[in-house]
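Peer 1: Model the full assembly from the supplied sequences, consistent with the hints where possible.
Chains as they are written, first to last, in this note's numbering: chain A, 1 to 141; chain B, 1001 to 1561; chain C, 2001 to 2410; chain D, 3001 to 3370.
Worth flagging that the hints you see were computed from the coordinates, not collected in a lab. Take these hints with a grain of salt, some might be off.
Mimicking SDA-like on lysine to any residue, the simulated pairs with C-alpha atoms at most 20 Å apart in a straight line are [claimed, not checked]:
1. K1414(B) / E3361(D)
2. K1517(B) / F3203(D)
3. K3020(D) / G3288(D)
4. K137(A) / N2060(C)
5. K2245(C) / R2311(C)
6. K1487(B) / F5(A)
7. K1316(B) / K1471(B)
8. K137(A) / G3288(D)
9. K1471(B) / P1438(B)
10. K3036(D) / F2270(C)
Every value quoted in this text rests on a predicted model; they were computed, and no experiment measured them.
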Amino acid sequence: MTDDFEPRIIGFLCNWCSYTGADLAGVSREKIPTSFHVIRVMCSGRIDPLFVLRAYLKGADGVMAMGCHPGDCHYLKGNYNARRRFVMLEQIFKTLGLDSTRIGLWWVSASEGKKYARVTTEFSAETKKKGPNPIQKEIFI
Amino acid sequence: MSVRIGVYVCECGPNIPDKIDIDKVLEDIAPLNNVAAAKRFRLLCSNDGKKYLADEIRKEKLTHLVVAACSPREHEKTFMQVCVEAGLNPYLFQMVNIREQCAWMIPDKAEATRMAAKHIRAGISRVALHGPLSKKELTVNPDVLIIGGGISGIEAALSLASKTRKVAIIERSDSLGGRTGKLSRLLLHQGTDVSVLREKIEKIEKDENISVLTGCEVTDIRGFLGNFEVRIESSGEEAVSRSIVVGAVVVATGCELWDGYDPAVYGAGNIDDVVTAAEFEDMIAAGKILLKNGKPPRSVALIHCVGRKEKGYCSKVCCLYALKFAHHLRDSRAPAEVYEFYSDLCLPEKTDQEYFDGAVKKGVHFLRTENVRVEKRNGHIVVEHGDGAGKKKTLEVDMAVLAPALVPPPGSEKLARMLNIPLDETGFFKEAHAMLDPVAAPIEGVYIAGCASGPKNINESVVQAQAASGKILSTLVPGKTLEPEVKISVINEDLCTGCQTCLSVCFYGAISFQAHKGVSAVNEAICRGCGSCVGSCPSGAISSRHFTYRQLYEEIFEALR
Amino acid sequence: MTSRETRKDKRAAVLPAREGIQKAVTGFLKKALERGCFEAVMMPVRAPETRSYAWLMVKNPELLDEAAPLPPVMSVQGGRALSSLTKHGAPPLSIGVVLRPCEARAAVELVKLKQIQLDDVHVITIDCPGALPLKDYVRGGENALDRFQALLEHWDEDGAIRPACERCHRFSLDISDEDRPLAPSSKNGAFPVEIHIGLLGENKEEILLIPLNPSGEETLEKLGLTPDRPLDGWAARVRALRKKKEEKRRAGHEEFKKEISGLDRFLAVFDACINCHNCQNVCPVCYCQQCHFDSPRQHLTAQRYLDRARRRGALRLPLDPLLFHLGRMSHMVLSCVSCGACEDACPVSIPVGKVFSLVADETQPHFQYTAGKSADEPLPLQSFLKSEFCEVETPSECREHQSPEVKSHA
Amino acid sequence: MPKSLKTNTDVSQGVRDFLKHLLESGKVKGVLALKKMDGSGAASYAFMTSAKELAEAEPLAPLMPANAGKILSELTLKEAFGEPVAAFLRPCELRAFTELLKRLQGSRENVLLISPTCGGVFPLKFLADGSAKEKVPAYQQAARKGKNAEGLRAACRACTDFIPCQADITVAFAGGADSDSSCRLFLETPRGEEFARGAPGTFGEEKLETRELAGLREERAAQKAALFQDIGKAIQGPSALARTFSACLGCHGCSHVCPICHCLLCVFDSKMHDSQPEGFDSELERKGGTRIPAGTLFFHIGRMTHMAVSCVQCGMCSDVCPVDIPVTEVFSLVGDSLQKVLEYVPGRDVEEPVPSGTYKEDEFAQVGEQ
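Peer 2: Next up, the structure:
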């Protein structure tokens, strides 16, 4: 893969933990990969698999969803729903031979600015290794 | 009316321009569809900043507003207020975070500039789809439901009840008082005795603002701070059920004595004169401490920490009531020998040390031990115990009193499920924060007092009851109105198939099924707007205000442009 | 000058087509794309390593290598494709789109129904020899392709093509008596057909590009093509074939009428219907987001089902499909363009197309209406003449409003 | 051993007689089952209340003009039956009905559920070209012997769940060795026994399992493995997927006939997913071309996220596809894998919650912890 390839990654962040964690990362001047586009939702439970699917089919090189750690959901249990939906979506991807490692769910708490920076950077690096999302070449979808 | 979006980039002093080429951003977005104005300002959150923004909204006749600045968690509310003052519905506004999540995190200025522009574009195409939303007001119901008629419940009731605030106590048993009511007397050194409790109970019985429902249990409860609908059913034969509405709930369900220990180890039940603390209390209350054979015991073993290992926590109160027993035994006319088998002494209160020293003076034997066994050997009760140095020792006594761990009462899980509040690993109710918010449950409007959240002594329980009452008194002021969440879920009845998946994923019980229409409906007072139901509805019949599919799809699209 | 002023001396530019018309036409569009006549082209393209055709909007000319202005089948009706692209606003760039005449007619109807917005869409129509039945093509293997190739070359279908195409007399432009080629007209340019591609010229190795409006002429000019070939020959052939087809159509309708005359026979036609509503979902002029006949209004209570079953001893389920088909007919038949998409999509091969196109031919004339003829003609049910259809009233009522002939829009 | 009721006629007649008995004895007021259409071999579902009409019933006709689970759901959607009725459903239709019940799309109250050990059905195109009729005798023989008949639908050839669950009465058809000369009904539930009481025939205790059933189970399992392997290969990766669905017309017939898809308006047909005029230019820029109408894969994979975990593999979707896309094969494969991961068996038990509406706090602990 050419080095100038900068993976386009979308991050769906829950408002209470992960988005705050992202802010903290900024406040503590952590570095995150460029071309990481944050979309805020109130709860990871709001993240409809269709969002991830749509982003993937529209050519996102990676999609990260982030929410509060299990048990810490601001809305009690929304993240458990999110987790099931991701297990389901990832299994669909696997079965269809789509690269399920291009999508994923991470728990990032409001105090985990460092973790936020780490997981986004790692994910972006891995994605960079993989190269662009092959779906971008498919016209007939 | 045509859409006129105003985009305003805040410099936030040097914070943003140092890292982002604002002019480049502006020239990138100025030509976009519907963008009527794209400008920068030194510090929008400052007073002249807010004034500037308000003037701009009027001057440019803006229909929608985008502010690119710090995190919405910082100043979203500030700018929404500006909208209100400028006569623009505050929900026709979108905040874009280019400080924390662009300027401060992306080292390369060109990149940071590019990403800032992208996020703003997303904000612009999203805001164009915003519709006006209006806040609703909800008058709170000041009344309070107290679950559990023990000392905590009683204390809370007394602190809360007034002409303007009715209180209902639900007690499973047939009388108030709880564990405290079963005590022969309180700790002597604290100078009071149980008559105080009796007085409190009488007060309650006189107070017409407090209704006591004994022999009753809560069978369903749904709602939120200011508005809980509670279903109560009497557990007796002629089961009657009724519904009440309250504004807050105090969980004061207390605790029980653990009886799950191995009788083979502690002998209780199958060896005469091996009794539990509760049974010993009754003996004290009855005024005669006698063996089965009618004789007073010449020697008594007080066994601490029964179940501490198994349960994994110290029950806090045992040491002190064991001391109480010791004092009592030593003070009687024919004092018995008293042996306290403990593994660690817990003497937290300032007066406890003195209480302990007193017992020592009175000749109580304290044995630090481990692996205690109580057995019957040739007609005598033998307490076998390790001395810590690995040696086994035995001691013969006439009577042994067990101090079992305090455990959550049965039905706690059921109640926790109904209230949507968690239990911790010990099975007690989990506080919002064990140290910093100890009497609040994770759900607004639900409070926890006393042993419901773990073993406590009486004064701690009373303190907690008063604390919880304080919180309620300050939030549930009669006549006060609450603003329920605006960005809630809404259901399109034409698309709803009534499959009720949404009900199963709503942890607030905010969605109910309307059988006559065959569709689900959202209770606006209860919905918190998390959107779990939206993500779960296959029909797309539910949409969450301010986070609709179209709005989020626009963001996705812009992110990938 | 525009199509309405076209005179006998109207001429067409000639495009050599030695490697077959598909390549020729595609080449023409590639060139138009490169020369910037429009920014993108929309036409059917074969998906790599498959035999299936799908509509693509294309900016990169290379993607047109597998394009076919006349694919062997009509997969998605062009009108429907165009509507899915433009119903929420014209795309932000200029598009050239190649449509079969029936697709163009559907598009005209959809323009009237505000389901298509054509600012900056350059419509190009093409003489259409017809298409193969979808199922034959899907199941028929390679020889289906050969059959279609033959059809393209000789235009004599041997029962290989869809019934709708077999009896389609509107496979080209309408040709008026003085050999005017008439595209679907529209004064306000709501539906600008700028070029028609004539395949029925003297010479099989030539294609005629007939400019129908200034913008069409401009396009040809940009491509260095001069319209100098007279149309007489082509027009004559079109008229001849049209006569033949009209005959077939009449005969076909007559025969089919017999087949379905009498309620029982008519019912029997829909016997096999399984209520998948594919016909409605592929119909270009069925543009509703949700079909009225799929809506919950249809549900009865268990008791009602039982009662209705008791009346006749048995109740067919799902509920009698006739309600759906006749209901749908009442909604769209005046706009039916006889494209046959419905029949193609029917999994149990009900001759839906035949029925609807027959009814269309019998109803539209009552309103002097021809679906897809002109974007200016108001939809029959959106307008009325005060003095029309008196026969359905009592004479007295009729006399009351012998008002002047004003065509008013409801 | 389960109770059984045996009569000495061929199974089709036996079932018809039994249904007739239920109707005439007034035990049920109506019967939902396949019914001959005049003329062609075509059959359609009918709700019959008269013995005369019932005589035309063909409960075991090897056709599935619609998933009867969906039909029974429509009958009982607004209210439960006030009077008892009988419904003859194939095992996959029964599973579909159960899944619909979980989604509160109907009621089992007062419905006697009868279901056969299923020999599979023919593709709808045989219904269209009328060739179903002459295929029936061979079909019945094969089914009896526990073999896949010539020309069955792919979904049926590979169906290993051909023994009904949740039925009140099971009919020994497929693998019912002597089903040409005898009809055996197995009374699985008290309700089944109650309705069968007093019906002509000999009551006894038998077991359903036969050598033939075992054989069928084997053949089907092998077929399923093969089918999953082939389709798995055929769809691996973006290009292959795009190829598989390249011919899709977007008629969405697959979702209209899908018994799990119970939505009034499919969300993918709703305005929410109409393509917007923006949207195109940047994609065109990047890809050089885009498909119109857009979102073919989005529809199919998206639909998977909604229903695949409950897919009962009834095969209707492939059957109605005008362009012969192997929809059932793909969805079965995905459904099967989802059901394994979530330890879910669609149609097994009404009480078993649909995975999308529930969760366990201690499951999938590894997720999110990278």
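Peer 1: Given the hint that K2245(C) pairs with R2311(C), does the C-alpha gap stay at or below 20 Å?
Peer 2: violated, 47 Å
Peer 1: Given the hinted pair K1414(B) and E3361(D), is their Cα-Cα distance within 20 Å?
Peer 2: holds, 16 Å
Peer 1: Checking one constraint from the list: CA of K3036(D) to CA of F2270(C), max 20 Å. Satisfied?
Peer 2: holds, 14 Å
Peer 1: If you draw a straight line from the CA of K1471(B) to the CA of P1438(B), is it 20 Å or shorter?
Peer 2: holds, 11 Å
Peer 1: Holds or violated: K1316(B) and K1471(B), Cα atoms, limit 20 Å.
Peer 2: violated, 26 Å
Peer 1: Is the Cα-Cα distance between K1487(B) and F5(A) 20 Å or less?
Peer 2: violated, 39 Å
Peer 1: Are the Cα positions of K3020(D) and G3288(D) separated by 20 Å at most?
Peer 2: Answer violated: K3020(D) to G3288(D) is near 65 Å, above 20 Å.
Peer 1: K137(A) and N2060(C): Cα distance at most 20 Å?
Peer 2: Cα-Cα ~13 Å, so holds.
Peer 1: For K137(A) and G3288(D), compute the direct alpha-carbon distance and say whether it is at most 20 Å.
Peer 2: With a Cα-Cα distance of about 10 Å, the restraint between K137(A) and G3288(D) holds, given a limit of 20 Å.
Peer 1: Under the criterion that the straight-line Cα-Cα distance not exceed 20 Å, is the pair K1517(B), F3203(D) satisfied?
Peer 2: violated, 46 Å
In summary, the numbered hints that this structure violates are 2, 3, 5, 6 and 7.
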